[in-house]
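K.L.:
Given chain A's structure and the hints, the job is docking chain B onto it.
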Amino acid sequence: MSPLSLAAVSGRRLKARRAGVGVTRPGFAWAVPATVFFLLFAILPLVLVAVLSFTSWDGITSPHFNGLANWTKLIHDPVMTQSIWLTLVLTVLGVVTQTPISILLGVWAAGPQRNRAVLSAIFFVPLLLSATAVSVLWRALLDPNFGVPGQLPWLFGNGNLLGNQPGSIAVLTFVGMWQFTPLHTLLYQGGARAVPQVLYQAAAIDGAGTVRQFFHVTLPQLRNTMITSMILMVVGGLTTFDTVLILTQGGPGTDTTVSAYYMYVQGFKDFDFGAGSAIALVLVVVATLISLAVVRLSGYDKMRSTAEGI
Amino acid sequence: MRQRPNYLAGLGSLIWLALIGLPLYVLLTATLRTTSNYSTQGPLSFPSQLTLSNYFNAFSNGFGQDFLNTLIVTVSVVGIVLVVVPPLAYAIVRAQGRTITVVFRFFLLGLAVPAQAVIVPMFYVISQAGLYDHLIGVILPTAAFSLPVCTLVLTGSMRDITPELYEAMAMDGASPRRVFRQLVLPLSKSGLSSIVVFSALQAWNGFLFPLILTQSDSTKVITLGLYNFQTEHGVDVPGLLSAVVLSMLPIFIVYLFARRALVQGLMGVGGK
Numbered sequence: 001m002s003p004l005s006l007a008a009v010s011g012r013r014l015k016a017r018r019a020g021v022g023v024t025r026p027g028f029a030w031a032v033p034a035t036v037f038f039l040l041f042a043i044l045p046l047v048l049v050a051v052l053s054f055t056s057w058d059g060i061t062s063p064h065f066n067g068l069a070n071w072t073k074l075i076h077d078p079v080m081t082q083s084i085w086l087t088l089v090l091t092v093l094g095v096v097t098q099t100p101i102s103i104l105l106g107v108w109a110a111g112p113q114r115n116r117a118v119l120s121a122i123f124f125v126p127l128l129l130s131a132t133a134v135s136v137l138w139r140a141l142l143d144p145n146f147g148v149p150g151q152l153p154w155l156f157g158n159g160n161l162l163g164n165q166p167g168s169i170a171v172l173t174f175v176g177m178w179q180f181t182p183l184h185t186l187l188y189q190g191g192a193r194a195v196p197q198v199l200y201q202a203a204a205i206d207g208a209g210t211v212r213q214f215f216h217v218t219l220p221q222l223r224n225t226m227i228t229s230m231i232l233m234v235v236g237g238l239t240t241f242d243t244v245l246i247l248t249q250g251g252p253g254t255d256t257t258v259s260a261y262y263m264y265v266q267g268f269k270d271f272d273f274g275a276g277s278a279i280a281l282v283l284v285v286v287a288t289l290i291s292l293a294v295v296r297l298s299g300y301d302k303m304r305s306t307a308e309g310i
Numbered sequence: 001m002r003q004r005p006n007y008l009a010g011l012g013s014l015i016w017l018a019l020i021g022l023p024l025y026v027l028l029t030a031t032l033r034t035t036s037n038y039s040t041q042g043p044l045s046f047p048s049q050l051t052l053s054n055y056f057n058a059f060s061n062g063f064g065q066d067f068l069n070t071l072i073v074t075v076s077v078v079g080i081v082l083v084v085v086p087p088l089a090y091a092i093v094r095a096q097g098r099t100i101t102v103v104f105r106f107f108l109l110g111l112a113v114p115a116q117a118v119i120v121p122m123f124y125v126i127s128q129a130g131l132y133d134h135l136i137g138v139i140l141p142t143a144a145f146s147l148p149v150c151t152l153v154l155t156g157s158m159r160d161i162t163p164e165l166y167e168a169m170a171m172d173g174a175s176p177r178r179v180f181r182q183l184v185l186p187l188s189k190s191g192l193s194s195i196v197v198f199s200a201l202q203a204w205n206g207f208l209f210p211l212i213l214t215q216s217d218s219t220k221v222i223t224l225g226l227y228n229f230q231t232e233h234g235v236d237v238p239g240l241l242s243a244v245v246l247s248m249l250p251i252f253i254v255y256l257f258a259r260r261a262l263v264q265g266l267m268g269v270g271g272k
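Taken in sequence, the protein lines are chains A and B. The numbering of the first sequence is the UniProt record's numbering, which starts it at 1 and goes up by one. The numbering of the second sequence is the UniProt record's numbering, which starts it at 1 and goes up by one.
If you are wondering where the hints come from, they were derived from the structure by calculation, not from laboratory data. None of these values were measured; they are calculated from a predicted model. A few of these clues could be false.
Quick partial rundown of chain B residues pointing at chain A, CB under 10 Å, derived from the structure [claimed, not checked]:
id	residue
1	Gly10
2	Gly12
3	Ser76
4	Gly79
5	Val196
6	Arg259
Ideal Cβ placement from N, Cα and C applies to all residues, glycine included.
So here's chain A without its partners, still in its complex pose (with noise of 0.2 Å):
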């Protein structure tokens, strides 16, 4: 805001100005050491990365420069191909199962219902929990010998759920859905608790009834939680590790082995760092797309708190 138009709004700014005080504001200083810390550990890795595709490096010696070798290697390899068509499989189940509940839940937890806030505290357990802890407990409750599929043979069939890749990528899309409905479910009663109530109450006056109110009301007004939340599910669907590695170790055969744990195959066990980063310089380039779509579609640069009345 120009001084000008800020004399222009209030008395008291008015006062201000007269009495020949600027606002005091803060320089650009206060900034630079998150700035820097943040340059240092997050931004040059992210650069660091494009640098070490183009090279061969076993993790000890020091990397050399070997071209396009990384990328014409991952294009002719099978298990490359298969590893980012089983990513978005993962990425869309994910989208496509966490959504459509979270939406409800969230809507649900709005209101005023006496029971929801213990429920709530219920539902946010799993986001507690560490991805290794999910992980480790979902592994021990569909153990085909010491798990849950044991005792309830009607639901499990023959129990063995990770034995085979439709039940692999169907645990591993459970247990995503299990693990972040309920940050998603917030997103979702932040939003939904920011839809002006002269909505509703104009469209009870039209006779619209709450099914009604629900898709012609709150589904519109959720729009931009819904690209936020939509956008983190597919970022965080194409990032799957720690579910994958401790689930199912990219298993049976290479039937869950998604992109991002193949590149951590590639490198921290085969020692092919080289490739490695070249898989994670695709996964960076399609995040960080990702994350310029949020900052333009979401708004999230003129983002206002919605947070009051918790």
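P.N.:
What follows is chain B alone, placed relative to chain A:
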């Protein structure tokens, strides 16, 4: 608030309660029974006799050291975040000029950069810096990757301070430093507690950076301990799940006291 309860979503929420609640029920009851009781009676049954021995065994498996390491990492990460984020957020909200807008966008961009994508170069940077297998090598990247979210949450909270208050302080002739100490910090308490809880949660639950940046028992954190426990004693389900419960216990206690701050922080990220 809505005029009428939403029955459709209410029904859904009850189904969801079963999906969330049953695994947690199995988790808790399994830790209180012996391994043989668990495998003969099955995870869904109610334990016929209760024992705490699983928890004691977890500690004799070296969980104490893992706890201490995780605590060091968590406290340090929160410390770094508290030192660098408030001034940054203050500058973003109050400084003028294009540079600060660019910096803010740059941190927002960082929101969607997944830690997974940088593990290879992170391994390179940390090894080159001689920090491989040191806790400090885990602390620095963990803190760096929690900056974007913390910045977003805190700027959201600082934006709620009305301009009149800044002007009043300016009329008193306060320097930016004094405005920061006497106005901005006290008024963004809720935002500050959000970022403390949030970065603590991230650090406590962090798995990827410890996995690739440490190797010895002396630098092992809880999540890695869990992972190793599963690989080595996968059959001892009650023991394994006790380790899971222990790993979340401190977080759960923090949650009981700081639920509002955490929920507020997360909701702020998704709001429009």
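K.L.:
Now, for every hint given, state plainly whether the structure supports it.
P.N.:
Consistency of the hints with the structure:
1. Contact between glycine 10 (chain B) and chain A, as hinted, is supported at the beta carbon level, the nearest pair being about 6 Å apart and thus within 10 Å.
2. For glycine 12 (chain B), the suggested interface contact is upheld, since its CB lies about 5 Å from the closest CB of chain A, less than 10 Å.
3. Look at serine 76 (chain B): its Cβ only gets to about 13 Å from chain A, farther than 10 Å, so that hint breaks.
4. For glycine 79 (chain B), the interface hint is violated, the least distance from its beta-carbon to any beta-carbon of chain A being 13 Å, above 10 Å.
5. Using the Cβ-Cβ criterion of 10 Å, the hint placing valine 196 (chain B) at the interface with chain A is not satisfied: the shortest such distance is roughly 15 Å.
6. At its closest, the beta carbon of arginine 259 (chain B) sits 7 Å from a beta carbon of chain A; the interface hint therefore holds under the 10 Å criterion.
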